[in-house]
Amino acid sequence: MTRYPDPKQVGGDFYSRNFAKNARPDTLILNLGPQHPSTHGVLRVLLELDGEYILRAEPVFGYLHRMHEKMGETKAWGQFMPNMGRVDYGHPLSWNWAYCGAVEKLAGIEVPERAEVIRVITHEMNRLTSHLLWWGAYILDLGAFTPIMYAFDDREHLLDLLQRPTASRLTYSYFRFGGVSKDLDEKFVEGTKAFIARFRQRLPMYKDLVTDNIILRKRVEDIGIIDQDMVTRYGATGPVARGAGLAYDLRVSEPFGVYDRFDFKVPTQTTCCSMGRYLVRMEEMEQSCRIIEQALEQLPGAEGPHLVKGAPKPQAKMPAGEAYFAVEGGRGKVGVYVVSDGSKIPYRVKLRAPGFSNLSCFAEACQGMLLADAVAVLGSLDLIIPEIDR
Amino acid sequence: MKLFDNLPIECKARADYEKTGQEWVFFFKPGVLRKAVQRLYKDGWFLEDLLALDTTDGMLLVYHFDKMSRPGRVTLKVLTSGTEPKIPTISDIYQGADWHEREVYDFHGVVFEGHPNLIPLLLPAEEDQRIEPPLLKTDKKRTGLKNLMSLYETEVCSAAVEALFTEEPAEEAPAEG
Amino acid sequence: MSAVKDIFQSVKDLWSLFVGLRVTGKYFMQPTLTVHYPRETVDEDVEQTYGGHVELVPKPKNPLKPKCIGCMMCVTNCPSGCLTVVKAKAPKPTPEEEQAMKEAEARGEKVKKPKAPKEPAKFMYDYSLCSLCGTCIENCPVGSLRYSNNIYFVGTSRKEFKLDLLQRLQRQAENTAKAAPEASEPEQAAETAKSEA
Amino acid sequence: MSIHPQLLHLIIALIAVMAWVGLNALVLVYFERKGAGFIQRRPGPFEVGPQGIIQPLVDGIKLMCKQLVMPTGADPVLFWTAPLLSMTPVLLLFLVLPYGPWLTGMQIDLGILLILAFAGINVLALLIAGWSSNNKYGLLGAARAVAQSVAYEIPLLLAVLAVAFTTGTLDFVKITEGQGPWPWQWNMVYQPLAFIIFIISAVGECNRAPFDLPEAESELTAGFHTEFSSMGFGLFFMAEYSYMVVVASVASTLFLGGYQGPFGSDGWWWYLPKVYAILMFMIWIRWTYPRVTFVQLLNINWKWLLPLGTVNLLATAFFMKLF
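Chains as they are written, first to last, in the numbering used here: chain A, 779 to 1168; chain B, 11 to 187; chain C, 35 to 231; chain D, 72 to 394.
Derived from the structure by calculation, the hints contain no laboratory data.
Among these hints, one or two may not hold up.
Chain A side only, calculated, beta carbon under 7 Å to chain B, not exhaustive [to be verified]: (1) Glu826; (2) His843; (3) Glu1032; (4) Phe1034; (5) Lys1091; (6) Gln1093.
Beta-carbon label-pair distances, calculated as ranges [claimed, not checked]: (7) A:Arg844 to C:Tyr186: 45 to 51 Å; (8) C:Asp77 to D:Pro147: 54 to 60 Å; (9) B:Asp15 to A:Lys971: 40 to 46 Å; (10) A:Ile807 to B:Ile141: 46 to 52 Å.
A virtual CB, placed ideally from N, CA and C, is assigned to each residue, including glycine.
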């Protein structure tokens, strides 16, 4: 009489079976996810464990796959815009910008100066919300519950401000071909200035509470090493690349919009570990504040309307051709590649998600680590699953 | 751009970065792809993304490469058969290409020869739940390369590739296997 | 020397734990920040800029009628297909008019058929499909659509998210008319919005 | 039929302890949630009762009404034994705690030993719970629980022994009486290192954050009690809070003068605030710090607490011999 199921019949799904083929004897195969508190949505990581040490890992995803690229081939150019807010709920405006930028390149649409400055302001504010969300969630992964509440306190202020022009709080669809959908008002400018002043005072508190905390530092230092060679091999970008000492920031190295006007630093860390990526993001928040401040000063002097005259309608036809446009999102290089056959529906839209490439580093980076460290490394990659699954 | 000088290049063209976001566009035959990619890796380029384009001229694989130290994007284009697309994998050179290739396999059914683990990435994986590659175009919508992109300012170009982009429809896809 | 340094570093590290306690202790003493929903509501400023579901804008002279001219631009451009507009049909000609038309036809003159009024007969909106992108609002030639600031809109079934915007407009107008004698202008606007929810 | 008076006393004490354990769990849960709320700048439970005061009770009722679920392949006997095994020894532990001069369930000479012995049973409960639930997270949680509890019992014992050396007894009442009513007469002043070690090990022993590794929810979802529902989970939950009360009580007896008050005002009214002060501190650190990793947890124990505790014990013995 056995109460235990026959191991041959347990099987699991396709990926479990595929993963188990190469398993060593006497190891434990653990499914971290898809429903797991620290995989931020529905990421699943198959782990082969020896005790608590990870021998092998394989991320499995696609549980949130919505086939945005197919949707792009069924909707008109302008109608695909709302999808861009939904690819990445963390930093939707970067996707807005990437898609708009690609189409603007394709059709040769000029963006007025004022619109460019507005794009920079909102894009950077959105980066702040993205990093705050990551920060809170990451510390939550590491077991501290309180910081996420403090982060959301600040984030709410930003959302309140951003909802003025964009009319949304999370999945923005704000940019249009040739500008943005609504101009910034006086209250937004005042509120943002007040927020920056407030946020500058909050950042030292974040540092005191979390960054300097010895438990956190011991937790994230020297784990998840992703060095420059790995970054190149896997195509990782954003804070992951900067945490490896590569000062690669599209805002500086391939300036888009009017980013070349602003004076800011690209923070880098040479430790290549999770702490490096953490510190890069923390410093980036300060730099974003600097950019927003400078942009707000330039806003009154920026000429032109917020949306170019004769901006294409949602159903407008775009000239045939191809265009690639990349922006620096909160997680790295957000790229959109569009191909048009001259009709009002895109022939092909390819979305290059930074999280996709960043996550692919994980399997190599986490070998030989503890289970708890795997969670810390996953968090430090700043994963937004909808963006990876698209 | 002298990186591929000794390789048999099908076409080498300089594109306008401001208009297309690409600096150089290369056409390669599938057999040369891996050599070209190896040179890119040695020169410090990284793979941005990889996609397939379903056209009447065949399946066009587009590889975007970028460099961290300077702006500019190199696009490698490889044309394979439209009915049974096959191409050598580059996932052993760029490990990041592993997932990109699986994604293309999902979406367009392109088989990457030599890929260590060519299983579905985003679409249902169980044998009885698999679906047809969803991004394959219907015959009505599929169109030729010349309607989608131009050749830009070519420096070297084989007649076969040039024929694809001339107004007269090309007889058949030239770059097989 | 390094031993001294190590000890100094350890003390600093341990001190960071107390710094953390000080931060949380400080916030423990401070008042709470969350909005306590049924008793409190969000700032009016936030409520007024909130982009809720789409609503119709009434004509300035006639609050019962929307500005809409039934051109279907919103329906064509909507990416989500959440709007259904039925144009108003031409009124059925009365017997006299029919007689006149027949006579005109007999005379070989141009027949004057009654024209359809430029207004919607039905304006249905499915909030559960809407992606709140604002395409309809931007592409309306007469500015007949806008975001409502209906921030507390809840429902327990899908049916409740299928809104008849014409009816809603009329309800709003009635509420405004009712509330007008007592409430002053801005308050009343907020109140109607709330009662709508 | 007559009952032996001592037995009667014990039975009454047991019943009182049961009520006391339940009440404590409710109060602590309430404090924990309110404290977490205020630290995070939100009000915490608010709707049920004035200031949400009966929220824990209602939650308890909800837990009882839930379905008991057992996973396929679980060992049914051990699976249901585990929560009971976790909860029952706690009741015994309360018996020997001196709440006041006349408020001790059972005064025995080896009170501390009894507590340390019975608290060890909890480890077994966690192990059984994790193993029997046929869940990989549970198994990992159980393994962690055993390694952690066993490790942290040693410095705990060393700290207790240091106090026992100074007072020369293992009886709680005598240890309490050995201290004075004023703070400078407490053992905490004479044995500061032992006190710190005791508090740290107590947090580790109770599986509380930042040492809550057996149930680290961001790594192991819920660790050893992943598969437990309804009162199965409820008992683990209550046991955890009861253990907190026990260690806090022991700490206040050993180091903070117990029930003694100035000017002969001895009684539980001095005892409880001390216990709750320690509990509040444990809640405070839970909502402040991130969790350590398992390796670090054991490193803290074996590389810091254990040597320090040993040195402290030896020094205590040395000074006791000297003076």
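Each hint tested on the structure:
1. Here the hint on A:Glu826 is broken, as its CB sits about 15 Å from the closest CB of chain B, past 7 Å.
2. Hint status for A:His843: holds, given a least beta-carbon distance of 4 Å to chain B, under 7 Å.
3. The interface hint given for A:Glu1032 is met, as the beta carbon of that residue sits about 4 Å from the closest beta carbon of chain B, less than 7 Å.
4. Contact between A:Phe1034 and chain B, as hinted, is not supported at the beta carbon level, the nearest pair being about 10 Å apart and thus beyond 7 Å.
5. Of the supplied interface hints, the one on A:Lys1091 is violated, with its beta-carbon coming no nearer than about 22 Å to a beta-carbon of chain B, more than 7 Å.
6. Violation of the interface hint for A:Gln1093 is found here, the shortest Cβ-Cβ separation to chain B being roughly 17 Å, above the 7 Å cut-off.
7. Between A:Arg844 and C:Tyr186, the C-beta spacing of about 29 Å breaks the proposed range 45 to 51 Å.
8. At roughly 56 Å, the beta-carbon separation of C:Asp77 and D:Pro147 lies within the given 54 to 60 Å, and the hint holds.
9. Distance hint check: the CB atoms of B:Asp15 and A:Lys971 are about 55 Å apart, inconsistent with the given range 40 to 46 Å.
10. Between A:Ile807 and B:Ile141 the beta carbons are some 27 Å apart, a value that contradicts the proposed interval 46 to 52 Å.
Violated hints for the displayed structure, listed by number in ascending order: 1, 4, 5, 6, 7, 9 and 10.
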